[in-house]
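**Q** Put together the whole structure using the sequences plus the hints.
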Amino acid sequence: MMEKIEKWLLKVNWGEMMVQSWMIFLKLCIILIIFFIVKTIGKTVISRMFDQAAKNKRMTTNRVVTLQKLVLNLFSYILIFVFAGIIFELFGLDIKTLIAGAGILGLAIGFGAQGLVSDIVTGFFVLLEKQMDVGDFVTIGSVSGIVEEVGLRTTHVRAFDGTLFYMPNREISTVANHSRGNMQALVDIGIAYEESIDEALAVIRSACESVKEVNENIIEGPNVLGVQSFGSSEVVIRILAKTTNMEQWGVERELRKAIKEALDEAEIEIPYPHQVHIEKKVKVMA
Amino acid sequence: MMEKIEKWLLKVNWGEMMVQSWMIFLKLCIILIIFFIVKTIGKTVISRMFDQAAKNKRMTTNRVVTLQKLVLNLFSYILIFVFAGIIFELFGLDIKTLIAGAGILGLAIGFGAQGLVSDIVTGFFVLLEKQMDVGDFVTIGSVSGIVEEVGLRTTHVRAFDGTLFYMPNREISTVANHSRGNMQALVDIGIAYEESIDEALAVIRSACESVKEVNENIIEGPNVLGVQSFGSSEVVIRILAKTTNMEQWGVERELRKAIKEALDEAEIEIPYPHQVHIEKKVKVMA
Amino acid sequence: MMEKIEKWLLKVNWGEMMVQSWMIFLKLCIILIIFFIVKTIGKTVISRMFDQAAKNKRMTTNRVVTLQKLVLNLFSYILIFVFAGIIFELFGLDIKTLIAGAGILGLAIGFGAQGLVSDIVTGFFVLLEKQMDVGDFVTIGSVSGIVEEVGLRTTHVRAFDGTLFYMPNREISTVANHSRGNMQALVDIGIAYEESIDEALAVIRSACESVKEVNENIIEGPNVLGVQSFGSSEVVIRILAKTTNMEQWGVERELRKAIKEALDEAEIEIPYPHQVHIEKKVKVMA
Amino acid sequence: MMEKIEKWLLKVNWGEMMVQSWMIFLKLCIILIIFFIVKTIGKTVISRMFDQAAKNKRMTTNRVVTLQKLVLNLFSYILIFVFAGIIFELFGLDIKTLIAGAGILGLAIGFGAQGLVSDIVTGFFVLLEKQMDVGDFVTIGSVSGIVEEVGLRTTHVRAFDGTLFYMPNREISTVANHSRGNMQALVDIGIAYEESIDEALAVIRSACESVKEVNENIIEGPNVLGVQSFGSSEVVIRILAKTTNMEQWGVERELRKAIKEALDEAEIEIPYPHQVHIEKKVKVMA
Amino acid sequence: MMEKIEKWLLKVNWGEMMVQSWMIFLKLCIILIIFFIVKTIGKTVISRMFDQAAKNKRMTTNRVVTLQKLVLNLFSYILIFVFAGIIFELFGLDIKTLIAGAGILGLAIGFGAQGLVSDIVTGFFVLLEKQMDVGDFVTIGSVSGIVEEVGLRTTHVRAFDGTLFYMPNREISTVANHSRGNMQALVDIGIAYEESIDEALAVIRSACESVKEVNENIIEGPNVLGVQSFGSSEVVIRILAKTTNMEQWGVERELRKAIKEALDEAEIEIPYPHQVHIEKKVKVMA
Amino acid sequence: MMEKIEKWLLKVNWGEMMVQSWMIFLKLCIILIIFFIVKTIGKTVISRMFDQAAKNKRMTTNRVVTLQKLVLNLFSYILIFVFAGIIFELFGLDIKTLIAGAGILGLAIGFGAQGLVSDIVTGFFVLLEKQMDVGDFVTIGSVSGIVEEVGLRTTHVRAFDGTLFYMPNREISTVANHSRGNMQALVDIGIAYEESIDEALAVIRSACESVKEVNENIIEGPNVLGVQSFGSSEVVIRILAKTTNMEQWGVERELRKAIKEALDEAEIEIPYPHQVHIEKKVKVMA
Amino acid sequence: MMEKIEKWLLKVNWGEMMVQSWMIFLKLCIILIIFFIVKTIGKTVISRMFDQAAKNKRMTTNRVVTLQKLVLNLFSYILIFVFAGIIFELFGLDIKTLIAGAGILGLAIGFGAQGLVSDIVTGFFVLLEKQMDVGDFVTIGSVSGIVEEVGLRTTHVRAFDGTLFYMPNREISTVANHSRGNMQALVDIGIAYEESIDEALAVIRSACESVKEVNENIIEGPNVLGVQSFGSSEVVIRILAKTTNMEQWGVERELRKAIKEALDEAEIEIPYPHQVHIEKKVKVMA
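Going down the list, the protein sequences come from chains X, F, Z, C, L, S and P.
Be aware that the first sequence starts at 1, since it is given in UniProt numbering, and climbs by one per residue.
Be aware that the second sequence starts at 1, since it is given in UniProt numbering, and climbs by one per residue.
Be aware that the third sequence starts at 1, since it is given in UniProt numbering, and climbs by one per residue.
Be aware that the fourth sequence starts at 1, since it is given in UniProt numbering, and climbs by one per residue.
Be aware that the fifth sequence starts at 1, since it is given in UniProt numbering, and climbs by one per residue.
Be aware that the sixth sequence starts at 1, since it is given in UniProt numbering, and climbs by one per residue.
Be aware that the seventh sequence starts at 1, since it is given in UniProt numbering, and climbs by one per residue.
In case anyone wonders, no lab produced these hints; they're calculated from the structure.
Since we're looking at a predicted model, the values are computed, not measured.
Be aware that a few hints might be false.
[To be verified] Result set (DSS-like, lysine-lysine): computed pairs, CA atoms no more than 30 Å apart in a straight line: (1) C:K27 - Z:K39; (2) S:K27 - C:K130; (3) L:K130 - P:K130.
**A** In structure tokens, the structure reads:
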């Protein structure tokens, strides 16, 4: 290789090479300019089309946004790969023959591509089966949050604390979508063993009724189910309600406040942990 | 490729191209209209057929709904793939030759298809063996809820808090179906170590009897089994009952309330946690 | 494809097609009738044969039920696949050539079939080695309950709370069969550190003896082993007994009751948690 | 196929078929009789041979039982497969050609056979390396108990509570054999922080000595190691002893009893949990 | 081989060999010098280019640093492999023929290369999709910290305690990026059951307001949500606020201090754990 | 096959067969005798060679024992396979042709052999890199104990409680060898918050010094590091020391005893758990 | 084979065989001597070269030691394989033809080699990317300690308790290197709810300042961040500082001691766990 380098240094026609380099550089600039023009126009056209679709209200707004982001994502991927192909050709490299002559590497690349295909296939079915739209509150594996984008290769989910998760689509198996119907508000409250259960149930029921009258997010009245379990120091009463989507936490908080105040008023004890103490004075030491 | 683009720009018969584009657009519209007509008719026909089947009562309603949703799901998948094929052909692309010439990509696609086949095979056996019907309360892996759809590729389960789970069928291995017969109500109650076990058992038994007389969801009488374990501060008594499906929680709640009130009346203590205190006054510091 | 559709629409001999459709529909009906006749006869014959076998008492009843359910299961699977084959042929589809020409899909189907074969092979050995019969109480992985069916592809286990588990046979590895001999009843009881261990052991032993005289489910006398461990507030005594199958929990409950009452009578304390309190009055704040 | 059935119905020579069926049934009966004769003779011969070997005491009894069960297991497997082959042939089916023509299924069967081979290979090495014999107390994965059979494909282990585990041999990786030498008895006892450590050690040592004199299962004297750790309320002393196999629990129980009684006698406190209480009377509310 | 060695020892032309060795050594030195020159020049050129880009502000600074480090990393990898190739050739070894003739080893190397390709592919998409830039605070798997470099094969993340993590890119699946927008400050505070909830909410709200006026990192006002849960001794109130990135912890600390002081001033109790004591004097022992 | 059996029964020359059987039996006996002679001589020779090596002290005794056991293990494996081959040949079976004609089974056997090769390769490197010798105290995965044998296929580790673990070598990945240098003794001791830290450190330091003077197992003086953490009721002081191998536990016990006694003497409190009690007499119930 | 053995016994020329054996033994000795000479010379030369490099200070000492150990490791591996090849040849075995004719075994060996290649590839990149040097404090998976050797196949890490870990390089994925920059000292201290937060912060700040003046290991001043969390009985204050590498624990200990003493002096309470006791005298039992 040493000799090759020497020969190469001598053999080179430096002038012509300069010219060629300049030509390539010029072409590169033109390609980049075209790239940016195509990108800008394409993005504008796609966005307009979806805005129009949104106005006609043929689909829900969430669905429109999901598809818009997907198509933009798809468009930018195709653009990048096409221009990468052009630039490779500019430098005289042909990708197909490169891959064909790869041998062992080809196998490795095949496995790499497998992951990519797996991403795309999963993403395709997530979209086709409308498992989630942009704006839905979902839980996928250990990640919970609002979907920001369902892309070709990755799905973006923003957690409530502001963190943005980038999930490769192949990581998605079971999707728990919390935005597909009414949700449930669940409140457990413990009353003292000494209190009458019937009285407590009555007080809680009336408190729930008064909350329901005010709060229109409650769809199916808070049901006071009864004695859910015997705690070590309290009898646990469970209350369930159907609420409009994403309002379950607010309803739970209101119910908790109302029930606490009602029980206080009726002088029904919400007990602290209890303990029976037995005094034993054996073996008193000096 | 740069030169190709230049040549292509010159060579193109812009007029003819316009016409062709217009033709393709027209065809596209016609195909889409046919697509929506076929879809609407197909769905109506399938729904009618199953409604008829449901009236004849040859199958349980749950089973009919399960099959109806499955056939609709199957129908829409076939429709989408057929029209996708037509549209690809419209643009002059032949899927078969695309896949055949894929080489390395073909392998990757094969692996992707494997997941799909695995979904369908599992779904097929779940249906054939009637492991679950729409409306059943099931637990699959870590997901519990009511089955909403057993589809070609995914099963939809709605949890009690309103969340909708989309599970790829391949994720289903052991299915725990809680809607295949009577269920069990189980109540554990602790009585004080100082109480007579025999007396407590008698009181609990009579309380259970009185509940049974009123509640027709109890199929096999609440059996008071005896001393289940020695807790740190209480002797635990276990009560079991067979109930009609999905009523086990209601029965448990009623039993708990009745037993608590009976024990209160008989003045048998349900003890708080106990602790023996030994006072020691060594090393008193100033 | 557009043109093909047009041509096809013209070319079709609508009258002949009607006739053919009608013929196919008639054949379909005949096949379905034959299907139901064969199914009914087959099931009756199989059931009769096994009932006969059960009477002759060549095998245990559990074993007969196991095999009967298996053969019925096998019979219905074969029937379904044979008739599916006939119906496919009716519509002019040949499964063999379909699969042979599948290419990439063939691979995917092969993997799918692998799971099926794995189910059948495992099921075969479970039966051949008599690992479990219908009616046995088993634990497989995280599932515990009574075996209801050992099928070709799935095993059905009913948990004590009424849930029915459908397990693909491939999920079965180590089988814990709790119905293969006598079981053990184990009771741990804590006595106070202040009590004499010898006295306590004597009291417990006599209580165990009196239980044994009454309860015939105890096969090997309850052995009072001695001091099993030092708890934080109690000296733990362990008692073991061999009981007839499935009666271990009943025996444990009886032993617990008897020992508790014997210790109460002998005034040996079963201690509550103890704690030594040291009063310290440093840094009294206003 | 419909036509084939019709033709077949006409073509059949019903009389000849009856005769043939009768012949096959007769042959089947003869084969079954031979099967049971060979089985009985074979099992008797094998059992006798191993009984003879056991008498000559060339091997330990455990080893003889292990090998006897294995050979019986092997014998019954070979017998079943030979007779299955004969019966298949009776009905004119040739297994080899069936498998050869299986194609995709062949692959699946190959994977199934892989599991089987894996079972046999592991079982072979477990036996060759004498990792466990029938009667040994072993722990394999999460299963603990006495080995009942080391078979061709499965190993049977009976847990102390009476449950029988069927483990496929491939599930066996690390074997913990608790019957390969003397075992260790370990007792931890806590004394009060206020006691003299030296005195306590002396008392415990003499208690251990007296146990050792009586109990011949102790091989290497109980060593009182010293202060193992500082508990929150006690100074923990550790005692170790070597015992004969399976007697470690009995020795531990005896040591515990003896040490407890010795400490009581020497008035050295085994402390209950301690807590220092600081009274604070700030913010007294009405 | 012994004979070969003897022959080889005799046959060798020691003088010529010396000369050749010297030549190789000289060439090696020259190559190394060129290597260091190219490395230095290359690194300078790349750094300059990116500094220029950073000045023009076409990209965010973080993005520029990310790309700069990546290109430097890429450059050094290519350099090393080119020079390794030259040195191998110097010693007369041809890598291609070495690998081609590897046989079994080739397979093994293929698998090794697979890991490498997997690293590069993942890294490529992480960069293309801008999942993280140098300086971002991310969580990948169990590793949390600031990204220091997104390289060709590894990503470097520095945890807050100063540890530097080297992660192979293939280990990256879901990326949690905490630097993609505003973050959330969350404070939970417990008030006594005896206090008025309304009063407490008012006090906390005014405290939050006063913090907001001072602290400009709070973007969306601290919302006092209400009763989040019933603790065993306290009613838990939750407060949420949107803050600028990375300032959430500071805001939380300020909010906690302000709320604590406001509650103290309003004499609303933040309760210690409560316990109800019941004195029982049964079984007093001497 | 039925006919074959009949023909075979007639065709057999029973006399000649008897003779042949007898010949084979004789040969078998001779082979077994040779087997036992070769085994005995081989084992003796190998043992002698290693004893000689041990005397010459070219290697550590542990290493000699490791290699001796390995060579014996290797020798017995080779012997068994050679004699198995001879016996197969005696019955006219050729293993090579058996395996070659195995087809599908061959694949399965190949996978089985893979496990075996994996065992041997890992074992080879464990020995070559001297990762552990017989007598070393190691932790491999969840198994801790003294190495008893590093064999061709399995490694034997004896836990301190007497259990013998048989580990297939492939299960060995990271080896934690606790016998490769001095070990560390670590003692944590808590003193009361009321005590002076400086005084306590001084007392502990002098106690450590006095232990060091007596105990020669301490190599690097016990260092009193300072305040390791704030416990809920105590200030934790950490002491570290380097000790000779396997003596760390003994040193820890001695240090604990000495420090405890020194603190007692200096009247520095080792505190019990503390708790501040606030009396509250609100809501006194009748 | 029996006959072969007989023939072989007769055919053997015992005299010539003796001579040949002797020759082989002689050659073996010579080879071994050469082996030890080459090994000794090689090791010396390599060590010298690296010592020289260390003196010239072109690289950090850690890096030199890392490379020195690696090259020695590489050298001994190559030596062993070369001499193993020579010895095999001595006995007339050719490794290449052995492996080529291995068939099924070849596949198994290929998989074994795969593990080896994976080790070497990972090791190569760990070194190239300077992920760790000898002497660095690293955490790899669940192993923490000082790197002792980064070898061809294994990495040796010594934990602080003296245990030496042998990790196959393939087990290394994410490397946490704690020796790549300054580390963080983190101290959490709880003060009583009754104390003024402002006062406490001031006291802690001045204590931190005084530590910083003395201790030169602190690089970035201990920052008193503020109220980190509300504990059940204390307000937790967090203090952070940047320290020189490996000195973080020492700094933490000093900070803890200084803060404790400062708070004591200022009479700010570090509270014990608090509990509010409510006396209740209902249901007093005799």
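**Q** Does each hint fit the structure? Answer for all of them.
**A** We went through each hint and held it up to the structure:
{"no.": "1", "hint": "C:K27 - Z:K39", "verdict": "28 Å, holds"}
{"no.": "2", "hint": "S:K27 - C:K130", "verdict": "27 Å, holds"}
{"no.": "3", "hint": "L:K130 - P:K130", "verdict": "26 Å, holds"}
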